[in-house]
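S.K.: Chain residues, written in single-letter form:
Protein chains: 2
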Amino acid sequence: MKIVSYPTKEELSELVKRSSVKDPTLASTVRSVLARVRQEGDKALLALEQQFDAPLLTDIVVTSAEMEAASAKVDDSLKKAIQTAKRNIELFHRSQKLVVNPVETTPGVVCWQQQVAIQSVGLYIPGGTAPLFSTVLMLGIPATIAGCKEIVLCTPPNKDGSIHPTILYAASLVGITKIFKAGGAQAIAAMSYGTASVPKVHKIFGPGNQYVMEAKMQVSLDGLAIDMPAGPSEVLVVADESASPIFIAADLLSQAEHGKDSQAILVTTSPQLVEEVAAEVEQQLAQLPRQEIAQFSIANSSILLVHTLDEAVAFVNAYAPEHLLLQTKNYREVATQIVNAGSVFLGMYAPESAGDYASGTNHTLPTHGYAKAYSGVNLDSFMKKITYQEITTDGIRSLGPTIEEMALNEELYAHKNAVTVRLDYLQKKK
Amino acid sequence: MKIVSYPTKEELSELVKRSSVKDPTLASTVRSVLARVRQEGDKALLALEQQFDAPLLTDIVVTSAEMEAASAKVDDSLKKAIQTAKRNIELFHRSQKLVVNPVETTPGVVCWQQQVAIQSVGLYIPGGTAPLFSTVLMLGIPATIAGCKEIVLCTPPNKDGSIHPTILYAASLVGITKIFKAGGAQAIAAMSYGTASVPKVHKIFGPGNQYVMEAKMQVSLDGLAIDMPAGPSEVLVVADESASPIFIAADLLSQAEHGKDSQAILVTTSPQLVEEVAAEVEQQLAQLPRQEIAQFSIANSSILLVHTLDEAVAFVNAYAPEHLLLQTKNYREVATQIVNAGSVFLGMYAPESAGDYASGTNHTLPTHGYAKAYSGVNLDSFMKKITYQEITTDGIRSLGPTIEEMALNEELYAHKNAVTVRLDYLQKKK
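So the protein sequences, as listed, match chains P and Y.
According to the numbering used here, the first sequence is numbered sequentially starting from 152.
According to the numbering used here, the second sequence is numbered sequentially starting from 152.
Bound-form chain P, shown alone:
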């Protein structure tokens, strides 16, 4: 790891930066995939899946027989863990329901917000060597609690055309039934524009590789909603002398193993901790099966030694980390000063992996500094707020003149008139 002691302003502003190297052909490649699926539908989708994922695939639809068979293939111990995680994620996301709270802004004028589910949503679950069933929970559970009528899930098949049974088990446990063997930009296209098999959705969620991300950004230009823009995953640990170097090293490495572009940063006030963590990272790294990935990203990660926790907090807010771990004596006090972060883990017994899997919070979080303007996925990511106003005769009588005056001054005469005709009517009725 790079060690930076008492960084200068310039060094800090360099450390805040994220790399954003983009393949220059990415946009046009994705654009042509989107256009092709939009035009040719299922035919293009199957052809692209055969080309990129499963050469012998004959159908993109996951059948109910496949769903049933999957459950038998998942170990009971894993099933139990998934059920425990599901229960916690449900408890936390259910607590996020908006309570309707009518406000009488003027006698006779009552306003309120109501949360309504986005009727049709699409969830993308990336492929790869390991099955990301936890993301099925993180997206599927709030979607079902929100009451989304149609929940579509796309995930790329393995080379033999199958989907990992744990993905199917998690989906079935959550109540998702429309699952398609489709990945990459073609999956995003299918959910955005609809095909004969894949329903068109109103909002698309989920992580993915650069093709998936670019496709999400491109369809968002067509007005399709997406959860958030995304970049590589990252963790920032703030620690003082009370923290454990063993725990911190493990936390940094758990971020580092995600991918070669993952970022792990420790900011600390303790010179001793700097040395200890650096040594402990080397030691734990040597024992990891995914060594080569973690080694690469750890080499690009940093330990910052600062004078005070205030400096640490200032760095956090400038960096806006996806995951923030506060391992200081007074972590609650530090937490009150955080304004930019995705999810915050409080205390030395709160590793990032707790939130990644089972504490109950969502693990779909803003990376790349996007936490400055974006929330992570929450229940309300799957809902819209509709505002209501109910106005009585008394209400329009007392509020009417205000509206008329304002409309007149914005030169919107018909806006004024919509009030005037009502006030005239009530006047005559008297």
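Keep in mind that the hints are not guaranteed to be accurate.
Copies of the same chain look alike in the list, so a pair counts if it works inside one copy or between any two.
[What the hints assert, rightly or not] Below are the BS3-like pairs computed for lysine-lysine, each with C-alpha atoms no more than 25 Å apart in a straight line:
hint	residue 1	residue 2
1	Lys351	Lys160
2	Lys237	Lys248
3	Lys224	Lys351
4	Lys480	Lys581
5	Lys160	Lys300
6	Lys480	Lys579
Simulated from the structure, these hints should not be mistaken for lab results.
For clarity, every value in this text was computed on a predicted model and none was experimentally measured.
Chain P is fixed; fit chain Y onto it per the hints.
M.R.: Only chain Y this time, still in chain P's reference frame:
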């Protein structure tokens, strides 16, 4: 108005469509403006303002002297109306603050969400013949309630280089002090990338012409947050035989005067109302000062006669109107069936202009069917939700094995290890 009696399925699906004619040169024009301002900053901004808005403009910054002078130029009656509207908008948006609600998902594992202001936001207020001071209230008030540290406002100057005093009065009343004479794509560029004068913001709000909208979409590809995509304004009225043709005609016209591309639709179960509204629209139209605009959009607007209110509701949900007016006897019952709309106006005494100005709800709403996935501007548009989890030794002891099992099955060994080192430590400590 076009009258469509008992429309077929095909006719209905045509009526749901929005026109989306886009100037084919728009994207590249905007792209070059963004690039120029990004590169040359204030110099480009001033040059573009001189070119498009105010030939003799010498400075884009609104001075405090201009702010003070503005107040004296606004009539007291208008000031009073603006203050009344402000009070109502404040009352409603303040009521939207999230109450922190910690949930203990497992003994020793407590999760909660906290709302934190987006630290820096940009508000765009369009120019034109009339000063849209109401939009200053609708964006500025929630921004200040949220606690945004930096609130930047851009609005194009008049030809003489001034900003309408009512815009400045409203901004000052709300507490906005950083105001710039800048419009179009160049204003969006300045707020997105920052210039020597204009601070870089994290999220941009506000309506605008096609250049502004295109610029917002393009900067969103760079990860800048925007309030929502936008199209022409629209109203949909659902009415039964209890409704007033005079009121409805006034409501349709108040939408129609917004612009030539505005859409106004009435869906009713009453054949008599169809005739009466059509006649009343003609009559009221003849008396409007902005006749030529309203005439144009009314000619493209429709009255739909349907058999039942259920059919009307189905059309509403397929259309997803920006503004929905329910003028039926049982409007509350009808309201419970609405899943796609921006803002809903309940009862015959609730004209759209009430929400446009002063009822308390926000008038920045999703058009073009975007209400299927987007909310209108609310307090939370100016805030992010950060999630927190606090975990005790008991918490990690009971949740740890679940996390370990899941991490192992996702082949994320360092994720597992971050729990294992903690459980091992607690085991030894015993």
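S.K.: Would you pick out the hints that fail for this structure and give their numbers low to high?
M.R.: 3
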